[in-house]
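**Student:** Chain residues, written in single-letter form:
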Amino acid sequence: MLDFSFVPGTFWFEAWQARFSLLSGIWVTMSASALTILFATILGVAVGTALAYGWWWLRLLARLYVDFMRGIPVLVLILFTYYGLALFGINVPAYWAGVIALSAFATAHIGETLRGAVESVPMGQMEAGKAIGLRFLQRLRYVILPQALRRMLPPWVNTGLEVVKGTTLLSIIGVVELLLTNQQIVARNYLIVDFYLFAGLLYLMINASIAALGARLERRFSYLRY
Amino acid sequence: MADDVLLRAQGVRKSFGAVEVLKGIDLEVRQGQVVSLIGASGSGKTTFLRCVNLLEEHDGGEILLDGDPVGYRVEGGRRRRLSETAISAQRARIGMVFQQFNLFPHLTAEENVMLGLTKVLNKPKAEAREIATHWLGRVGLAERRGHYPYQLSGGQQQRVAIARAVAMEPRLLLFDEVTSALDPELVSEVLGVMQGLAESGMTMLVVSHEMLFVREVSHHVVFMDQGRVAQAGTPEAVFGNPESERLRSFLGRFHGMFGMV
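Line by line, the protein sequences are chains A and B.
226 is the number that my numbering gives the last residue of the first sequence; the numbers go up by one with no jumps.
487 is the number that my numbering gives the last residue of the second sequence; the numbers go up by one with no jumps.
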């Protein structure tokens with residue numbers, strides 16, 4: 001890698017040759033991660049709220065879902081969404097099958113995290129909301145969730161990092177994301193060390209950005225103290 | 227109306243599991259009155275207050291606010307629980323101040339006061355801000371309106387909490403041991419605000435251990451003991467002529483304090 005000559009068989013030459021596939025791979029990884037985090041956050045808030053405040057049957061349903069999703073390897077979920085659904089005549093493109101499976105998995109994690117965060121907000125907050133006449137959904141929206149979401153920022157960032165790493169599993173069902181792109185390049189030029197190291201560095205950079213964003217958000221909400 | 231009774235409780239009962247905490251409470255609060263509940267901890271004062279605001283549901287008897295039963299309506303002789311919206315509307319007519327302040331930590335003092343005004347009373351933001359400014363001024367915190375709760379002392383937080391409750395223009399204000407969590411030197415600033423409210427004619431139901439305050443400000447004092455009203459009357463009657471041994475010994479604990487002042 002320290003050889004900077006620009007001839008076939010060197011890292012820089014091969015990377016330049018493959019620049020469009022690499023960019024596309026990065027894009028697939030980042031878009032799949034972003035969509036998954038977006039869906040999982042929205043659905044996770046719903047699942048977490050159901051776990052904390054739902055009627056008993058809703059709570060039971062949410063609990064079963066969370067335990068089910070947490071107990072199954074993500075890869076099994078991905079394979080099932082892609083191949084399993086095809087058996088029932090439901091054909092989902094590989095990319096979307098992956099996003100759906102990862103979202104289903106991350107939803108369970110975020111849901112459980114949110115439940116914990118909601119339950120860590122002191123009882124008195126709910127009561128103060130009741131006392132000024134806020135209805136349940138208003139108490140949730142204006143009193144409980146703003147505090148719970150702030151509390152769940154660190155684990156939420158963690159889930160985000162897991163999701164980015166989890167997208168590598170989409171290569172199994174043929175989604176040409178960052179890892180599979182690199183595998184394909186390596187298959188052409190056998191620069192195993194260079195390109196896997198390169199892939200690792202790119203993942204590291206993506207995740208470092210997410211972590212930095214998380215840290216910024218935490219500072220942004222640092223007024224929320226007790 | 228022949229009388230001006232705002233809150234009437236009759237035979238209110240409440241149990242937590244097998245433990246009966248309220249064993250039939252009768253009590254009246256008239257318009258503009260300050261009624262204080264005193265008694266040892268565990269006597270049911272706070273539970274009663276929470277039943278009035280529907281933070282707890284009473285099991286028996288009735289609590290009437292302006293003649294309407296709190297928390298349910300009677301239909302064909304049977305009690306039907308009110309809808310969430312109706313219960314929220316009832317709660318909005320009753321303000322409550324808590325022992326632990328319970329300010330919303332993610333909102334400034336001003337936003338704490340404004341939340342109920344904009345979301346429950348549907349007032350426009352500008353008007354809500356004006357009302358908040360007015361009440362924060364009344365409790366002496368006009369310059370602190372942009373502060374978050376963690377930037378305020380306990381006494382200041384409790385005064386914001388009072389502003390938050392009173393800004394809703396409730397028919398009745400409930401105070402649940404609001405000075406118990408405060409450092410001693412901060413107690414008087416909160417009691418001062420409460421005294422001001424009482425003098426302005428606010429109807430108040432107060433649970434307190436501040437006997438000097440209770441004796442000075444209340445129109446009516448209720449001594450509760452083991453889930454029952456043991457003695458009730460004017461402050462002069464209750465403090466000057468305690469009928470039971472339990473009230474005498476309860477008041478005896480505060481004698482040192484009376485002597486000091």
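The hints are simulated quantities; they were obtained by calculation from the structure and are not laboratory data.
Here a beta-carbon is modelled for each residue, glycine too, at the ideal position from N, C-alpha and C.
One thing to keep in mind: the hints can contain errors.
Claimed, not checked - If you only want the chain A side, here are some residues facing chain B, beta carbon under 7 Å, derived:
id	residue
1	Glu-14
2	Gly-124
3	Gly-133
4	Gln-147
5	Arg-151
6	Gly-174
Claimed, not checked - Counterexamples of contact, computed for chain A against chain B with all Cβ distances above 12 Å:
id	residue
7	Arg-63
8	Tyr-65
9	Phe-68
10	Gln-125
11	Gln-138
12	Arg-150
13	Ser-209
14	Arg-216
15	Phe-221
**Student:** Which hint numbers doesn't this structure obey?
**Tutor:** Violated: hints 1, 5, 6, 10, 11, 12, 15.
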